[in-house]
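In our numbering, each residue carries its 1-based index in the sequence shown increased by 513.
One should not assume that every hint holds.
Unchecked claim - List of simulated lysine to any residue pairs, SDA-like, C-alpha gap at most 20 Å:
| # | residue 1 | residue 2 |
| --- | --- | --- |
| 1 | K807 | S736 |
| 2 | K650 | G631 |
| 3 | K807 | V737 |
| 4 | K650 | G672 |
| 5 | K650 | E636 |
| 6 | K650 | I628 |
| 7 | K650 | I661 |
| 8 | K807 | S740 |
| 9 | K650 | P613 |
| 10 | K650 | F870 |
| 11 | K807 | F739 |
| 12 | K807 | I735 |
| 13 | K807 | R831 |
| 14 | K650 | V662 |
| 15 | K650 | V882 |
| 16 | K650 | V874 |
| 17 | K650 | A633 |
Just so you know, these hints were derived from the structure itself, not from any lab. Nothing here was measured: the structure is a model prediction, and the numbers come from that model.
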Amino acid sequence: MDAAPSLKAARGAAPRAPEPRTRLVRLLDREGALLEDADFSPWVADVDAEQLRGLYRSMALARRFDEEATNLQRQGQLVLWAPLRGQEAAQVGSVRALRPDDHVFPTYREHAVAIERGVAAAELLGVFRGHAAGGWKPSEHHMNVYSIVLGSQVPHATGYAMGVAMDRRAAEAEGREVEPTAVIAYFGDGTSTQGEVHEGMVFAASYDAPVVFFVQNNQWAISVPFSTQSRVPLAERAAGYGFEGVRVDGNDVLGVLAVTRWAMDRARRGEGPVLVEAETYRLGAHTTADDPTKYRDREDELRWAQLDPLVRLEAHLRTRHGTGDAFFEDVARAAQDYADEARATVLSLSPPRFEQFFDTVYAEPHPLVEEERAWYRDYVAGFTDASADGQDPPADGTPDDDGAPAAPGAPTAGLTVAADPDRPAEGTASGTEEDLA
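Construct all of the structure, not just a fragment, from the sequences and the given hints.
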C-alpha cells in the first residue's frame with residue numbers, strides 16, 4: 514500500500530497570489546533590534562524601558578494563565594478552552610492603545626485583552642466551566658462578553674460605534690463637550706470570511722463609524738490555512754469598503770501598539786473606520802477539542818516558534834535596556850502566582866442551579882420559557898438520584914481528557930515561551946524576516 518501523501522501534497526499547489534500592495538509594519542525585528550518607521554515610530558516615541566517591561570509582564574502573565582487554563586481543561590475542570598499562545602503581542606499591544614472609555618467587542622480568544630480590561634479570572638473561567646453565559650458586566654469593563662458565534666460581534670461593534678458618533682453629535686448640538694471615544698472589534702482570519710463581517714464593514718464605511726476592525730491573522734481557521742482563505746492580505750480588503758487598511762507584524766508588540774494607537778486616534782477624530790491586520794501564528798490548538806497534528810506541518814510550527822513575541826521583546830529589553838535576570842525571574846513568579854490563584858478560583862466555583870438560566874432569558878416572565886422550565890423539572894424528576902432542589906442529574910465524573918497534561922516547552926528565565934504546550938519543541942528551524950508574509 515502506498516504511503517499517505519504529505520499535508521502539502523494533499524493540499525495541492527496553490528495558485529499564484531498577487532503581490533501585496535500593503536507593506537508590513539514592524540518596529541522590532543526578530544532579534545529584538547529596534548527599527549525606524551517614519552509613519553509609525555512617532556506613535557510610540559513615549560514608550561520607555563519601564564513601559565516595555567510592563568508590556569512584557571502583561572504578555573507573560575497572559576501566557577501563564579493560558580497554560581494553566583489549558584491544564585485545567587485537560588484535567589476535567591473546564592469544559593473547553595481556546596488557547597491564545599503566540600498571540601500575546603497582538604492582544605496586549607492593541608489593548609494598551611485603548612483609552613478606558615473605548616469599547617471592546619471580542620471573540621472567544623481575547624484572554625489577554627480581558628485581563629488588561631480588568632476582567633477577573635473567576636468571571637473569565639466561569640464561562641468555560643459552564644457556570645455563566647456571559648461572565649462579566651460589559652459596562653464595568655467597557656468590554657462586551659465573549660462572542661461564540663463567529664462574526665456576530667462585528668455588526669454589533671459597528672452599531673455601537675454608530676451610536677457613539679450619534680451621541681457625540683447630539684452633545685455638540687447642545688453645546689456640550691464630550692471626550693471622543695472609539696470601538697475596537699477583534700476577530701480572526703477565519704471569521705473574516707463570515708457574511709456578518711462584510712455587512713458590518715459596509716455599514717461602518719457608509720456612516721464613518723469610529724470603529725477599528727482588528728483581525729488577528731493566526732494563519733489558521735481551525736484546520737483551513739490562510740492561503741486557502743484569501744489570495745491577498747486581509748488589510749487590502751479595506752480598500753474595497755473605502756477605508757484605511759494596515760498590516761502589522763503581530764508578534765511585534767511595539768509595532769502593534771503604534772499601529773493601533775494610530776488607528777484608534779483616526780477613528781476618534783471622525784476619519785472613519787480602519788482595518789488592522791496583525792499577522793501572527795496560533796502556536797497551540799484552535800481549542801482543546803482540536804488536534805493540530807492532523808492538519809499542520811511540524812516544520813511550520815517550529816519556524817514560527819522562532820518568532821515568539823515574548824522571546825523577541827525579552828531580547829530587546831536585555832540588549833537595548835540592560836534588563837537582567839532578576840526582572841524576568843520576578844515576572845515568572847508573578848505569573849505563576851496568578852496562575853495558582855486562577856486554579857484555586859476555578860476549583861472553588863460552585864455551579865449555579867440550572868433553573869437559574871430560565872430566569873434570565875427575558876426581563877419579564879414568558880409563557881414559552883415557563884413551558885420549557887416545566888419540561889426540565891419533569892425531566893429531572895425522572896432520575897431517582899436527582900437532588901430535591903432541581904439540580905442537574907449527577908455526571909459520571911469522568912474528565913473529558915484527550916491527552917496528558919501540558920508538557921513544558923523551552924523555558925526563558927523560568928517562563929515557558931516555546932511552541933505548543935502539548936508538544937514541546939524538537940530541534941530548531943530557520944526563518945526569515947518575511948516569514949510573516
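For each hint, the structure was consulted:
1. Under the criterion of a C-alpha separation no larger than 20 Å, the hint pairing K807 with S736 is consistent with the structure, at around 8 Å.
2. For the hint pairing K650 with G631, the CA-to-CA distance comes to about 11 Å; that is within 20 Å, so the pair holds.
3. At most 20 Å may separate the alpha-carbon atoms for a hinted pair to count; K807 and V737 meet this at roughly 11 Å.
4. Restraint check for K650 and G672: satisfied, since their Cα atoms lie roughly 19 Å apart, inside the 20 Å limit.
5. Distance hint between K650 and E636 is fulfilled; the C-alpha atoms sit about 9 Å from each other, no more than 20 Å.
6. Between K650 and I628 the alpha-carbon distance is near 14 Å, which keeps this suggested pair within the 20 Å criterion.
7. For the hint linking K650 to I661, the alpha-carbon distance of about 17 Å falls within 20 Å, and the restraint holds.
8. Pair hint K807 plus S740 holds up; C-alpha atoms about 17 Å apart against a cutoff of 20 Å.
9. For the given pair, K650 sits about 15 Å from P613 by alpha-carbon distance, which is consistent with the 20 Å threshold.
10. Pair hint K650 plus F870 holds up; C-alpha atoms about 16 Å apart against a cutoff of 20 Å.
11. A distance of roughly 16 Å separates the Cα atoms of K807 and F739; the hinted pair therefore holds under the 20 Å criterion.
12. Annotation: proposed proximity of K807 to I735 holds, straight-line Cα distance about 11 Å (limit 20 Å).
13. Of the pairs offered as hints, the one joining K807 and R831 is violated, with about 38 Å between alpha carbons and a cut-off of 20 Å exceeded.
14. With a C-alpha separation of about 19 Å, the suggested pair K650 and V662 falls inside the 20 Å cut-off, and the hint holds.
15. At most 20 Å may separate the alpha-carbon atoms for a hinted pair to count; K650 and V882 exceed this at roughly 24 Å.
16. Among the hinted pairs, K650 with V874 is consistent with the structure: their alpha-carbon atoms are about 16 Å apart, no more than 20 Å.
17. For the suggested pair K650 and A633, the alpha carbons sit about 11 Å apart, so the restraint of at most 20 Å is met.
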